[in-house]
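**Student:** Counting from 1, one number per residue, gives the positions in the first sequence under full-length UniProt numbering.
Note that these hints are calculated values from the structure, not bench results.
Treat the hints with care, since some could be wrong.
Cut-off 25 Å, straight-line C-alpha distance, at most; resulting in silico cross-link-like pairs (DSS-like, lysine-lysine) [to be verified]: (1) K217 - K249; (2) K36 - K247; (3) K217 - K247; (4) K217 - K41; (5) K249 - K36.
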Amino acid sequence: MRIATWNVNSVRARADRVVAWLERTGTDVLAIQETKCADDKFPYSVFEAAGYEVAHTGFHQWNGVAVLSRVGLADVEPAFPGQPGYGDEPAIEARALGATCDGVRIWSLYVPHGRSPDHPHYTYKLRWLEQLRTAAAAWHDADPQAQIALLGDWNVIPLDTDVYDVADFAGHTHVTPAEREAFFAFEQAGYTEVSRVHVPAEHTYTYWDYQQLAFPKNRGLRIDFAYASPALAARVEGVRIDREERKGKGASDHVPVILDLENR
DNA sequence: ATGCCCAGAACCTCTGGA
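Given these sequences and hints, build the entire structure.
**Tutor:** Listed below in structure tokens is the structure:
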């Protein structure tokens, strides 16, 4: 089985490109982030015509996450237990969606950006990651054999070698010790970040800004990751970062991360 | 080469993204 995660930066602007990619790569399950649309504007029919079931949560033009599957889609949850809200009257945002696809519990995750280390969005980001880790630990404790995939745009640069020049991020989000600690805490919860295991090369990126020739100059960031529970990690045969997908007109600023699982 | 911000809402220019 082939599963993947991709921040598509608007599903309506890129639906045809996503379908073409699904068919070209033979991907069975895709977690997508930043759909940037409300549920009633999601282009369901484009994906259904290609043979995929769709689960989506989106309230307006921001955030939005989905799971597409051609191997079954069940037990959809539009948020994780304890997921924090944001704002003066805290509201749950469309940043997490869970669904079970052929025995694998898939979570499509769009971690809050943080804006800047002195912004309320930053403390929200840390709280969000901590609550997700708490939920993920509980899932694993409840069933140590569960196959769980935490897939998405984590908005954290875990290592200095995950960015073209870490000095450019001094004073910014994504590289602070608290964010990195929150990211690596998933290891203590029993999860393994399998893209690092299979693609360990330094300066391997998943995102390049649209501005200032970032992609041709390879000024990118590695911020899209796949944490797997032990039972799922043992099943991962390979991981690929599809850098080709950043090329050409109409590309997202992120590229897909693909996991190949041993067939059961 | 991959090419010098993009998408959405609204209809002008802001918000958010990193």
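**Student:** Each hint needs a verdict: does it hold in this structure or not?
**Tutor:** Hint by hint, here is what the structure shows:
no., hint, result
1, K217 - K249, "17 Å, holds"
2, K36 - K247, "21 Å, holds"
3, K217 - K247, "13 Å, holds"
4, K217 - K41, "36 Å, violated"
5, K249 - K36, "19 Å, holds"
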